[in-house]
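Enquirer: These protein sequence lines are chains V and C, in that order. Under our numbering, think of the first position of the first sequence as 9, with each following residue one higher. Under our numbering, think of the first position of the second sequence as 109, with each following residue one higher.
No wet-lab data here; the hints were simulated from the structure. Quantities reported herein were computed from a predicted structural model and do not represent experimental measurements. Certain hints may be false.
Said to hold, decoys possible - Straight-line distance between alpha carbons at most 35 Å, and here's what the computed DSBU-like set of lysine-lysine pairs gives:
| no. | chain 1 | residue 1 | chain 2 | residue 2 |
| --- | --- | --- | --- | --- |
| 1 | C | Lys126 | V | Lys336 |
| 2 | C | Lys201 | C | Lys264 |
| 3 | V | Lys106 | V | Lys78 |
| 4 | V | Lys356 | C | Lys400 |
| 5 | V | Lys403 | C | Lys230 |
| 6 | V | Lys256 | C | Lys513 |
| 7 | C | Lys126 | V | Lys356 |
| 8 | V | Lys106 | V | Lys141 |
| 9 | C | Lys383 | V | Lys256 |
| 10 | C | Lys117 | V | Lys338 |
| 11 | V | Lys338 | C | Lys416 |
| 12 | C | Lys393 | V | Lys278 |
| 13 | V | Lys256 | C | Lys288 |
| 14 | V | Lys22 | V | Lys109 |
| 15 | C | Lys145 | V | Lys336 |
| 16 | C | Lys197 | V | Lys256 |
| 17 | C | Lys230 | V | Lys256 |
| 18 | V | Lys278 | C | Lys562 |
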Amino acid sequence: MYVLTEEGKKYLKKGLPEKRLIELIRDGPVEMKEATQKLGKEFSIALQWCKKYDCVEVVHGKLTLTKEPKEIEDQQNGLKDVSDDKETSIVETLISRKLVKKGGEDLLKRAEKYKGQEVTSLNTDLIKSGVWKDVKLRPYNVESPGKKMHIGKRHPYNAFLGDVRKKLVELGFQEMIGPTIELEFWNFDALYQPQNHPSRDWTQTYSLKSPKNGDLPGGALLDNVKAAHENGWTTGSIGWGYKWSPEKASRLMPRAHGTATSARTLTNCKIPGRYFSIARCYRPDVIDATHGVEFNQTEGIVVDETLNFRSLLGILKKFAIEFAGAEKVKFFPDYYPFTEPSVQMSAKHPELGWVEFCGAGVFRKELTQPLGVDVPVIAWGLGIDRLAMFKLGIKDIRDLFSQNLDLLRKQVVV
Amino acid sequence: MPTIDVSHKDLCGLIGRKLSIEELRDDVMFAKTELDKVEGDVLKLDIKDTNRPDLWSAEGVAREIKARYSPGLPKYEVKKSDYVVNVDKSVEKVRPFTTCAVVKGLKIDENMLSQMIQLQEKVAGTFGSNRREVAIGVYDVGQLQFPITFKSVKDKDISFVPLEFKEKLHPKEILEKHPKGKEFGHLLKEDFPIFIDSVGEVLSMPPIINSDFSGKITEKTTDVFIECSGFDLRFLNTAINVLVAALAERGGTIYSVKVNYQKTSEVTPNLTPKKYTINVDSVNKMLGLTLKTEEILVLLKKSLYDAKQKGKKIDVLYPAYRQDIMHEDDVIEDVIISYGFNDIEPEELKTITKGGISKEIHIIDKLTEIMIGAGFQEIMSYTLTNVNDLYARMNTDGEAVEIEKPMSANWSVFRTSLIPGLMDIFSKNRHVEYPQSVFEIGNVVLADNSRETKARDVQKLAAACTGNVSYETISQRLDAFFRNIGIDYYLKKGRHDSFIEGRTAEIFVGKTSLGFIGEIHPSVLNSWDLENPVVAFEIDLEFIFKK
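Generate coordinates for the entire structure from the input sequences, incorporating the hints supplied.
Expert: Written out as structure tokens, the structure is:
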């Protein structure tokens, strides 16, 4: 078997240099300079071969054709078909010119020894040589399961949260991100939670060792929040009626709920706007099967001129359908210091039955107006961990942050 | 959220109707309550409203349900009396205020007694911030000689037998020995407030304990003296009103007490209904319905209000035990509860908004994809850890943001690096098949005085491999990571105490150092009980977010 070299392939396409030179001077003598320009580097090859066949003369610096040798035509044709195994003189010449080379011989030899045999692995020699036609490919035990391999995967809880995120985006919510370490101001005061409220006690929230205080925002915002607590400001409320302390508000704490981020967003939000956050939160709970070291809270707000209590229920019902696959929902009165009215929704999950799924309410005007928002704001929080536990087949909330590599490797993705 | 136990039979008795568990399940909603569990005759109720102590008893829940059948404002008569409590100047800086009442003609039975004790505990505990804001004492009037004095004493000045004890103790001994003293002792220091009667018999030492002599209520008691003490009269008035209104529901007759301060005096309890005015339009705007004024009036009365139309407004009167009404929305919520949450048709949002994920998460998702493509298992760790894992076991040192009074020393500081979390994974999975490759993308918290919160979140990516691995294992993967995000990086010999010297490099992009890569030092492997080499890198993602 013979194959064309790269040069051979080139001349098959363009024509041999000497053939091109003959074509150039066939209609009459041509200046040496012109031929050099036309043929470039290949001019010397062309001239060398033409001299060998004695078919070109140089007269007064011009190239003149004297005859058209058959050998040149034979060689050109020889390039067209080299697959023929015959070792002709033309092929020999082409080989000597490095336009053709022997090829595939070893491969064929290597492959031929398999002829008529049963082989285990199909290899390149067999495939290229065509010898595969003459062998029997041994059947495998195709029914034995594949050998185990470990692939890279998302952490199942994070993957679940990613799905939640996607769904909220589909529902028109924009993601917000807030700081892990918060001022009590944003975690409580801006949410109209009074400074002596039991939930601000150290048993309910963490504080920091050092430094204890951060910097409060200045200007009207601070004055308005202070006034809302002390006397209701211009919201039509009487307020909580106590002396508000900026020192207390400036204390630092790990965020106890994602609503702190919602409060920050309200000072700079679009109307209409929908926002959500999946926020890592921290509370001093005794760690057990229902209380982790820290937890993710999925919560958000809807800011819209057209909102009322019915649309609040509408939003929650939509969540129940989208997240819990529930058609049936039940609403209960609830209480949060920062919403009025407040509602809790239970949803009938197709497999879990009735689950408390969502807490929500209309932000109090004592909260929204000092932050510069004059339209109704609905705040909601989803009990997404319960659904995550169900989806991932987990009984203990601490297993959401599973460190068990064996289980993570076994965890199915879909 | 207060949780209370009530007897089914007792509750029905107070409502005046026999209601089944299923009927109650719906009806307790009108008291912002959920029926959590039924254990025989005992109903476990979750009362949602932490700002409505009037609801935290069988009497309170029954009152709201009863109003569904017989609507209107409840009326409480307070009879005048000669009972006097003198407040001495000495309590001014210790526990300056008290509100008091006497209730007579009680027929105390087991249910009533357990409700009295439970309500007292919930009011002082939840509403009164664990007795700091409100401490409550209830006494048998028959054992007392009025007038009573509220004063502050020093430890050696007094001794009395505390409830359930046999011997007389000084205040400090009570704080040391009595269970209640141990629990609430932190609220007192060198000055001890006491209620003491005219013959020198101590009633109690608030907010710790009553005396065994007069502070014990039994089924034989018919007349009680109640005092609430604390720092803010608004809390104290609410507390005394809640307590006496509950006893009035049981047929008790309320008598006033005159409390004399240095210059002023107050007559408590004051159960005169309070006034508020709401706009009809506000109700309908909030509700999304068009209720007629008459309908709203009916709904209000079913929520224990007295309501009268005045043009486009409604004047309401509501019971004095409520202190939660600050804004018309507070009244409007009661209208909506009275209407029934589940009788309102939910409505879809009318406007359209565009959703989106944050820029950081968008990028993190892509980085995660690359790491998974490189064969790493994603890990999710807590952001809280401890200095031992974070620094000591990593052979490093540093400053972490620390929590005051953590629940557990194991979770007391915020992580500043993600690598210890990955080491923890390897350490906990030594029996699991090798090689192991894990990564985490997450935030660390760094102290930062230039920020309003004196800290900032920094997103990091850390990856580690263990098993038959070498520096090349991880450098190859780091290289793949950077090539796939199109960032030119270079490595420069570096020093990091967690890594082996000579097998550590600092990762740079231009002049910015993004982190370290290297082979973990054997001393670190020892401290995590690891037997295989570990290679790891950690980079700061802020640079990539900005790109």
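Enquirer: Each hint: holds or not?
Expert: Hints versus structure:
1. Using a Cα cut-off of 35 Å, the hinted pair Lys126 of chain C and Lys336 of chain V holds, with the two alpha carbons roughly 29 Å apart.
2. Under the criterion of a C-alpha separation no larger than 35 Å, the hint pairing Lys201 of chain C with Lys264 of chain C is consistent with the structure, at around 19 Å.
3. Proximity of Lys106 of chain V to Lys78 of chain V is assessed by CA-CA distance (about 20 Å); at most 35 Å being required, the pair is judged to hold.
4. Our distance criterion of 35 Å between C-alpha atoms is met by Lys356 of chain V and Lys400 of chain C, whose separation comes to about 34 Å.
5. For the hint pairing Lys403 of chain V with Lys230 of chain C, the CA-to-CA distance comes to about 32 Å; that is within 35 Å, so the pair holds.
6. Annotation: proposed proximity of Lys256 of chain V to Lys513 of chain C holds, straight-line Cα distance about 18 Å (limit 35 Å).
7. Using a Cα cut-off of 35 Å, the hinted pair Lys126 of chain C and Lys356 of chain V holds, with the two alpha carbons roughly 29 Å apart.
8. For the given pair, Lys106 of chain V sits about 33 Å from Lys141 of chain V by alpha-carbon distance, which is consistent with the 35 Å threshold.
9. Between Lys383 of chain C and Lys256 of chain V the alpha-carbon distance is near 32 Å, which keeps this suggested pair within the 35 Å criterion.
10. With a C-alpha separation of about 27 Å, the suggested pairing of Lys117 of chain C with Lys338 of chain V holds against the 35 Å cut-off.
11. A hinted pair counts as satisfied when its Cα atoms are at most 35 Å apart, and Lys338 of chain V with Lys416 of chain C qualifies at roughly 32 Å.
12. With a C-alpha separation of about 22 Å, the suggested pair Lys393 of chain C and Lys278 of chain V falls inside the 35 Å cut-off, and the hint holds.
13. Distance hint between Lys256 of chain V and Lys288 of chain C is fulfilled; the C-alpha atoms sit about 29 Å from each other, no more than 35 Å.
14. The straight-line distance between the Cα atoms of Lys22 of chain V and Lys109 of chain V is roughly 19 Å, inside the 35 Å bound, and the hint therefore holds.
15. With a CA separation close to 22 Å, the supplied pair Lys145 of chain C and Lys336 of chain V stays within the 35 Å bound.
16. Distance check on the hinted pair: Lys197 of chain C and Lys256 of chain V sit about 29 Å apart at the alpha-carbon level, within 35 Å; holds.
17. Restraint check for Lys230 of chain C and Lys256 of chain V: satisfied, since their Cα atoms lie roughly 26 Å apart, inside the 35 Å limit.
18. Under the criterion of a C-alpha separation no larger than 35 Å, the hint pairing Lys278 of chain V with Lys562 of chain C is consistent with the structure, at around 28 Å.
No hint from the list above goes unmet by this structure.
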